[in-house]
Each structure stands twice: as structure tokens, then as C-alpha cells.
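Chain order of the listed sequences is A and B. The opening position of the first sequence corresponds to residue 1 in the numbering used here, with each subsequent residue numbered one higher. The opening position of the second sequence corresponds to residue 1 in the numbering used here, with each subsequent residue numbered one higher.
Quick caveat, the hints were computed from the structure, so don't treat them as lab data. Take these hints with a grain of salt, some might be off.
To be clear about the criterion: a stretch of chain B counts as covered by chain A if any three or more of its residues have a C-beta under 8 Å from a C-beta of chain A, and this derived list gives those stretches [what the hints assert, rightly or not]:
# : region
1 : 90-103
2 : 182-195
With a cut-off of at most 30 Å between alpha-carbon atoms, the simulated DSBU-like pairs for lysine-lysine come out as follows [said to hold, decoys possible]:
#  : chain 1 : residue 1 : chain 2 : residue 2
3  : A       : K252      : B       : K140
4  : B       : K32       : A       : K252
5  : B       : K324      : B       : K182
6  : B       : K310      : B       : K216
7  : A       : K91       : B       : K116
8  : B       : K32       : B       : K22
9  : A       : K252      : B       : K324
10 : A       : K92       : B       : K140
11 : B       : K205      : A       : K252
12 : B       : K350      : A       : K97
13 : B       : K32       : A       : K92
14 : B       : K216      : B       : K182
All C-beta atoms, glycine included, are put in the ideal place defined by N, C-alpha and C.
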Amino acid sequence: MPSMDTSFIIEITKRDFAERFAGSVLGSTWAIIWPVVNLFIYIVIFGKVMGARLPGTSDMNAYGIYLAAGLIPWAAFAATITRSTSVFIDKKHIISKVSTSLPSLQLHIFLSETITFLISMMVFFFILTLQGHDFHPSLWLLPFLYYLQQLLALSIGLFTAVLNVFIRDVREITGVILQLWFWFTPIVYTSDILPGVVQKILPYNPAYIIIQSYQRMFIFHDYPPFHALLFLTITTHILLSFAFATFRYLEKDIRDFL
Amino acid sequence: MISVQNISKTFKLYQTPSDRLKEIFSKRSYHKSFSAVNDISFEVQEGETFGIVGENGAGKSTILKLLTGILLPDTGTIHINGKITGLLELGTGFNSEFSGIDNIIHNATYLGLTRKEIDDRLDAIIAFTELKDFINEPIKTYSSGMVMRLAFSVAIHADPTVFVVDEALSVGDAYFQQKCMKKIKAFKKKGGSIVFVSHDMNAVKVLCDKALLLEKGKMLEQGEPEGIINTYNFLIAKRSQGEKLQYQDTPISSSGYGNHKAFIEKISLINENNDPSEILLSGHPVKIIIQIMGHNDIEKLTLGFVIRDKYGQDIYGTNSYHLKKEISINQGERINVTYSFDQFNVGPGKYSITAALHTGSNHIDECFHWLDKGTVFEVISGNGHIFTGLLRLTPELYMDATKQQLSPNKLPT
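One chain only, chain B, in its complex shape (with noise of 0.2 Å):
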């Protein structure tokens, strides 16, 4: 169990670390105050997993450090109920020189193993990497993926009562990483506390039991992942209408490739309510709006966008060509093309938009203008009903039941 009470960090910023000591001696102020954690209070109970969401810069990771007891907090108390170790220091103090025992040996000693405890702990640190052959090699001779193997099996091997995960887990192939949601399920059940840190409203929604937000250190909200979301949602939005989003701010026209005959000057996303936002609802309405602009009079002119994810693999393009609607641009016209959506349908993850700007079906012939990544989002699970992947097919559910007379000497075997 964790209880947390009114903690608050500031940071002091010197312009060199010698004027903390300058301070000592005198009277003089030589720092400039930032409040990282002011005045937040939770509790996590046992086999409970607790999100903390906020944006960059929120005061997450300092939270995390106090938690685990990096940095220490200017007021405020911290208890714990035995062992805290962090999925944040994944492999802290392994030398490529040596070989796979002698850091997991070196690393469990820094996760607060004792020797007798690691002697122990051994045979199932190794059976649970699976790198039996290797583990008298040194580890320079390692894929990273065969690493982290390593330092999450030393961490989760480490029996902490609370688990600090920054993050979602990336560790290795999906076989290793199911592997390890297995182990730190069963870590849950046995009454291990979680604590959870991430951007992905999604992991927070489907795994936290509860949640916390922060904005610049302070807590705005905490309770159910399902509202924390929706406020953390309408946070940014709200940002985004007042502040105009950074990244789509920028000038982009001079990326991207073409002959920039004419040229996509902004891509932007509208949510349902007309907002300007990064963050969209799956299966709700959504706009993709291309401002263009032309260099030169062109007649047929095709517009096309690919929404790609994480990994860069498509997702849906097209453009308006196959969609059979002409452009025509002339020389200093903005034009503003909206594609738009009344089902938002793609699933919840990371995704950008690349643009282009061509002749006929494919920017094969003449290129105008190829702009990768003209902007970025996320999409979160809307409010209908769970689902994983990348498509929000909507089936619905039938049932046929018919009941048939089985003898009991024919019992299906």
C-alpha cells in the first residue's frame, strides 16, 4: 500500500550549481523557483493499479522519483508498505563487458536484493529470460531485445510490493511481452500495487483501477480513469483552441518533397464540437482539413492523405481523385479541402497523416507537393463498447439457442 500525502517538489534553477552554495553564505535569492509537485495526495491499495496522466512537463516522472526515492520531496510524507521498484530503471548499472549472471547479479543488488536473496532467486531470474546458452556470455553479444529481457526479469524477480511503470512495457517481442503482462498480472493478484504512468489515455483507461491528473504539478482530478480521460481530453482541447497546436503552427510547407507547383500549407483535425485537437474519439465525427495553395494554375489537380500508425504501416488513404471530385487551383488561391468523417473508425493508438499533392491517380506522373507526417494524433476509445486493433468494426451480437435431447449414453466425449 501507498500513501502519499500533500508532497510538493520544487525545483531550484541556478544558472551554475555553485550559486546553491553562494546562497549559503549569503542572503542573496540565486534561483528561480519551479513548483514540479505542489501539495497531491493519493493512495494506492494493495493489488490496485493507479494511473497518474498529465502532459509533458505535468509532473509525472517527479512523481515517480519521489516515489521511489531519487529525489527527495520539500514537504509532505510518503509511506510504503515494503519494496518499491521502478520498471524506469530497467538495467541500471549493466556493463557490456560482463556476462549475463554478473549483471543480474549487480543489477538486483541496486534493486535492493540481497546477496543470499539473488543466490536464491537465480534458476528463475534465468528461466524467465530464457537465455540460458548466453547467460555466461557477455552481454555486448546481446540484442538489445534479449537485454531487456534480462533487466525485466531481474526487476520483476526483485518482489517488490509496488510496481512503478513508466510507460507501457516494450520489452522485446510480443511472445517476451506477454509473457510479462502474465507475471505482473499475477504480480496484481497476489496483492502487488501498481503504479502506471503514461500518454496512452488507452493503456490508462483499460488497465488503471484509478487515476490521477496533473496539470503543471498540481492535481486537477482524481478517481475513475473514464473521467480522468474525458477531462484530460477536454484539457487539451481547450489548450489547443486558445493556444492554437503547436506542431500544426509550424510552417511545413518547405518539407516534403515536389515540385511545389502548388503546396499543402496545413493539415489540421476538427473534432465533433468543431474544435481544433489531437486527441479524437473513435467512432465519433472527425474532419481532416488540407489547406492548399497554388504556386501556379493547374486544372486537375488530385488531393490524397494516408493516415498511417506508429509503425508507419497505412491505415486508410485516398484522395480525390477516386473520390471523384475535381480541384482546380490557380495561381495565389488558398483552397481549404475538408474530408469528413460522420464515424471516425479507427481504433485507439497513435497516428499521423502524410499529404500529396499530384496529377491523376498517383503522384507517379507529377508530384506536387509530398508532405510525410503533415501532422500527428491520437485517438482514444470513444464511449462505445471496448475493443482492441486498429479498425472499429461495430457487430452486433446474435445468439441462436436450440436445446436438443442428448441420451446419456451419447454424451459427446
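Next comes chain A alone, as it looks inside the complex (with noise of 0.2 Å):
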């Protein structure tokens, strides 16, 4: 890995949060009440008001709670990927004047997203405890399945980042692609309503396998599947050592276009 500067990614990282909440009165405070806000809309309106029923199962929750589970990584996913991509033209006028590490901008939207993350799962839990939730050990492999998670988007959004800079309209594609990712990989809706075909190529979309991971160990008290998880790490591995041989032998032309 590159040699990257930890004091650099963590204060990128706060800058990054307090630009966001720059000058409002609340600050930091947003961080939170976002998420709260989410999990109120997936859990309440979604689960309780609408009556929103996930098939199989009789708790008035389950619904809520497969959303949260699934929507809160996929959110993460789905940032990581966006704002890693356009990271190099967000800090032009960084990279263009003081000696930056590149790969370490890429890292500190992946620490950003994971501070989010982190918050949002933290009031996820919060509710469920109050809901008497009965939490099964598989969740311990939570910290691996967000681990693997952010690598993929890491390396998704090293990728898009590169060729970003020689092709802006890519910033435009991956939002595209995402959004239809979204809707292709069962979140806000069950795998079993998908036509046979699709069904059939679900198993080789990584973001099912992923999120599929996280739906078991929450709702359905169950383990991720083990053989997919494995074809995803050695995958995922592949993928980031591919995206970084490709930064590495077109950084200089990336400085040069910057």
C-alpha cells in the first residue's frame, strides 16, 4: 500500500465534516439527526404506518428492519463510490499545489462514509435494543462484511476516480449505474419477486452478496453465506490490486491533467 500520511487523512476527514455543517447552528449535530431521521422513515412509515409486511414472516418490524439493514450499507456503498470518484477534481486545488498523496484522499472518503456509517448503525441498534430485538452472533461478522464492503467501494471508486479525470462524464455514469444497481439488487424489496433470469445471475451481483449478508444476520437470525463471502474477498482483492496498478501507471498523467 502507498505510504500514506494518517495525520493528513484525519484532518481531511473532520474538514470534510465540518465543511459540511459549516456555519449552521447545530454542527456536528446533523451528523445524527439525519440517521435518526432515516431509520424513522424506514422503521415507522415503512414498517408501522404503510403496514408494509416482508413475506414469511409475521413480526410488524420485519420490514423496517430489512430496509435499515439493507439500506444503511448500501448508503455507505454507494457514497463511498460516488464521492471517491470525483475525489480528484473535488481537490484540485489541493493536489495542484502541495505534494499529496492521491490514494490518501481516496482513504479519507472511506473513513468519512465509515464515521456515518457508524453513527447510523449505532441509533439502528439503539432502536432495536429498545425494541427488545433478539440480536443472533453472526452480527460479530458485522466489522468484516463492512470491511469487505468499503474495499470493494474502494476500489470501484479508485478505479472511476481515474477515469475520471481524463473523462468527466464518468462522474455522470457511475451515479447512473448506481442507481440501477440499486434497484437490480433486492433491498426495499425481497429476491423471490424477481423473475427466474434474474434470479438466476443474483448470486454473482457482489452488492447482493453484501447485502444479502447483512439481511440474514439482522432479520432472518441467520449466518452470511460463507462460499459467496470467500468469491467476494479474493474477488475484491483482485479488483483493488487491479484499480491500483491502474492509478499507479497513469498518476503522472493524472497530476499533469489535475
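Reconstruct the complex from the two isolated chains, following the hints.
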């Protein structure tokens, strides 16, 4: 891995949050307000008010939890990719002025999104505890799952970030693909409503493997599909190596173009 | 210490950035190459100031960017013992919404300090800015001078071993500039090196121990600043002979104001070798030639000029009326009026010439043409003694020593 400056990553991450809430009265409290509101929508509005049921369960709360278990990780995953893609362009004013390690810029997004994820997860766990939810021991695997998911996001993000320097449309294309990807992954719906053909290719959707694991751990009190995860771990590392090699190959050009 | 060996940097110019990607997949070439830096080597020792001189586009900035690691060289190696900080990146990442102290911390991080190092130096940095009372205010409330003070203060406390300075320091008021210069001198004394890039030949002469002359990315000469500057002047003079000065080639008679019954076509400067030149040596012969053209017949015409410094202050001005020379011009006639100086006793710096055609002693009654900034030029020190200021006075120094017997108990206290 590249030489990275921890101080640098931490400082720009801090600045990231500070800038987002700069000048607002509540400041970083907003970082907590948002996940609370989102979880309220998932669990109370979708789960209780609209009375949506998860097929095969009788639990009134099940659909809300199903939504939250899928949406919180997806939000981190998608945001990491989106923000990584444009990070070189966004931080152009820094890259063209001081010597910066470009991978550090990617890592700061990883870190920043992790903080958002952690806050959401904490709120989620808090609500679940209030409801007397039955926690399955597989939840200990959560950090690994998150790590894997973000590593995948980072690999994709690094690759698209490199491309985005040369073709600015990549940012928009990435946005479109993520949107489609979201709807092709059973996050707000369950996989059994999909037509047979789509169900067959579903196991090759990395997002499905990840989201499904979360759903199993939170809702279905089950362990994640280990075979699929192993496959994904290997693929992710290959992808990351590939993305990093591409980056190194083009780093000089990236700096010239910025 | 810096050791740069055979670095080259070629920029590939693409029609669009995406052509770079096309190139990877096809064998075709989609770019034009532009060699910005070509096989440059130099070394800067501890405590040394190294000047890089050259015209616009000679590759000076590219070398700085390579040194600071913003750009990567194609070939060659750069070794730097310790940290290099540029004054060209003053205030990187400043955000006007945040307080001075937040921006110090943030900016210092970009300059490569760890959080602990920043905390240790925070007080010193704030003290140096002399902005203690405002340090918790957002910097949008600061004046631009205050922001510069903040930025410089962080840079100088980043403890680099090499400083990169682009052009002369212009931070804040004279008082703060002096403070900065003192700090830089102390930095040199401690063994810090400085790489200094400038068009200001005088600054290079005064500040640098060694210099490098660049032309179109190639090294022309390296060595004592004195010799480098002479070569640079020669280069400029040669170029101006061959290609004519761009500035003066542009038609300027349409600019300015007046009734244009007669107008100024061109102002040119001639150096002691009778070559047109924008660079003049202080104390050497110079001619200012003003070419005028008549649209009407005018009997008594006055032609004047003013030399102004970079702040627009009048340095010297006179006209033909005061010099008691009468000029008359006929329709369609072109006259070259020459003001000749045996010794052009103007101090080093950048100046402009404004010329005017009018009647009588000044332009108030009838002004034919008033041309602001008809040409610009730079004066650099000649071979005489070193001095500062706008005037090259040539004092002689005498000493008159007498000896007086002082009795021990009458020592002045």
C-alpha cells in the first residue's frame, strides 16, 4: 500500500464534516439527526404506518428492519463510490498546490463514510434494543462485512476516479450505474419477487452478496453465505490490485491533467 | 540539500483528456509533446540560495512543481534531504468560513505537519501573525493582508529544510515583510536552503548564491548570478533584435486620448549598443525614442514623457517645451524624437513610460494625444556599486580621521 499520512487523512476527514455543517447552528449534531430521520422513515413509516409486511414473517417491524439493514450499508457503499469518483477533481485545488498522496484522498472518503455508517448503525442498534430485538451471534461478523464492502467500494471508486480525470462523464455514468444497481439488488424488495432469469444471475451481484449477508444477520437470524463471501473477498482484492495498478500507471498523467 | 539529476518533463498536449485513454488501447498517438524541462541538473547546498532565471514559459514553475512533488518527472532523480515547502502554496485549503486557528491547523496539515507538531507550534505561529485578537474569528472577516500573514506564518513554521519561493515576497505591509525576511535569514543561517524563482534580476543578484538560466526548458548556464544575469540580458537583447518587441509592435496609436491632430505612434528604448531593449542597465547610456505622426499641420508642438514606477508614481518627466526645443509637424509627417541619456540613473525596478503631445507647457489647453504606459521596461543594476532605491546617485566617500588623546577618566559614557 502507498505511504500515507494518517494526520493528513484524519484532518481532511474532519474538515469534510466541518465543511458540511459549516455555519449551521446545530453543527455536527446534523450528522446524528439525518440517520435518526432516515431510520424513522424506514421503521416507522414503512414498517408501521404503511403496514408493509415482509413475506414469510409475521413480525410487524420486520420490513422496517429489513429496509434499514439493507439501506444503511448501501448508503455507505454508494456514497463511497460516488465521492471517490470525483475526489481528484474536487480536491484539484490541493493536488495542484501541495504534494499530496492521492490514495490518501481516497482513504479519507472511506474514513468519512465509515463515521456516517457507524452513527447510523449505532442509532439502528439503539432502536433495535428498544424494541427488544433478538440479536444473532453472526452480528459479530458485521465489521468484517463492512470492511469487505468498503474495500469493494474503494476499488471501484479508485478506478472510476482515475477514469474521471480523463473523461468527466464517468462521474455521471457512475451515478446512473449505481442507481440501476440499487434497483437490481433486493434492498427495498425481496429476491423472490424477481423473475427466474434475474434470480439466476443474482448470486453474481456483489452488492447482493453483501446486502443479503446483512439481512440474514439482522432479520433472518442466520449466518451470511460464507462461500459467496469468500468468492467476494478474493474478487475484491483482485479488483483493488487492478485499480491500484491502473492508478499507478496513470498517476503522472493524472497530476499533469489536474 | 537538494540534488537534482537530469530531470526531464514532457507534457503531452491532448485535444481532450480522454485521448490519453484512447492512446492506451490503440497504437496511435493522439498528442503533441511539449518539452517543459529538458535534462536539468543542479545541486543546492545547505544554507544556499539558488536562483532559477528565465523568461515566461522557460520551465521555471515546472521545476518548482517537480521539486515540491506536485508533478512527477519523466526521467531523472530528485533527492531532497528533509522537507520541502513552497511559498507558492501559501494558504492552500484555506476556508473563509473557518476561524484563523482552524485554518492554521488545516493548512499546516497540508504542509506535512502531524497534529502533535502543529499543537507544539500553534502558539509560535499565532504570535508571529500578530493576529491573536482575531484568531478565533472566521477569516472572511480578515483583510487580505491578514490572510497572507496567517499563511506565511504557517509556512515558515512548517520547518522545512528547503524553501521554494516564487517571485519576490509580497506579504502584507513593509513591517511584516521585514519580519519575514528576518525569519528567512534566520532560516538560512540554520542551514536551510532556498530555491528562488524570479523575473526580478535585481533580487536574484542580491539574494542568490548561485543561479541557473533556463531557456525553453533547457539549461543555458549555471553559476554566479552576475554572469547568469548578463547572459539573460544578452538573450533578451538578441531576441528583441530578431523578433522585435511584441509590446511595441502592437498598434498603440488608437489607445490613449486626445484630439489626434497629431499622435504618438511608438515609444522605443535603445540601449548603449543601439539595440532596442526592454531591459536597461542602471547608469548606462539609454535613448528614449518617441515616434510621432501629424494628421494636421501644427506649428508649436510639445512632446513630453513621464517615467513611472510599478506603483504609478512619477519618477521623472519633462517635455520639449521645458527643454526649449520647438517641434512643428506637417500633415503626414513622421518624426522620431529622441531623448538621450548619457547615464540612465534610475534604480533597479520595473517602469513604464507615458508620453503626451500637446501645446504649451502642459496638456491642459489642447491635448493631441496622451498615451499611458506606451511601453514598459525594467532596469537592472549595472556594473557600479550596489545601491537601493529609485535614484542612482553616485556619491563619493571621504573619510577624515583625526586622533584625539583621551584621558582615561574622561571617557565618554
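Verification of the hints:
1. With a cut-off of 8 Å between beta carbons, the region 90-103 of chain B has 6 residues touching chain A; three or more are needed, and the interface restraint holds.
2. With 0 residues having a Cβ less than 8 Å from any Cβ of chain A, the region 182-195 of chain B misses the three-residue criterion, and the hint is violated.
3. For the hint pairing A/K252 with B/K140, the CA-to-CA distance comes to about 35 Å; that exceeds 30 Å, so the pair is violated.
4. For the hint pairing B/K32 with A/K252, the CA-to-CA distance comes to about 17 Å; that is within 30 Å, so the pair holds.
5. In summary, the hint linking B/K324 to B/K182 is not supported, as the alpha carbons are separated by about 50 Å, beyond the 30 Å threshold.
6. A threshold of 30 Å between alpha carbons decides the hint, and for B/K310 with B/K216 the separation of about 27 Å falls inside it, so the pair holds.
7. Taking the CA atoms of A/K91 and B/K116, the gap is near 25 Å; set against the 30 Å cutoff, the hint holds.
8. The hinted pair formed by B/K32 and B/K22 meets the criterion: a straight-line CA distance of about 14 Å does not exceed 30 Å.
9. Using a Cα cut-off of 30 Å, the hinted pair A/K252 and B/K324 is violated, with the two alpha carbons roughly 66 Å apart.
10. Using a Cα cut-off of 30 Å, the hinted pair A/K92 and B/K140 holds, with the two alpha carbons roughly 22 Å apart.
11. Annotation: proposed proximity of B/K205 to A/K252 is violated, straight-line Cα distance about 35 Å (limit 30 Å).
12. With a C-alpha separation of about 28 Å, the suggested pairing of B/K350 with A/K97 holds against the 30 Å cut-off.
13. Taking the CA atoms of B/K32 and A/K92, the gap is about 24 Å. The hint holds against a cut of 30 Å.
14. Between B/K216 and B/K182, the direct Cα distance comes to roughly 35 Å. Violation of the 30 Å bound is thereby established for this hinted pair.
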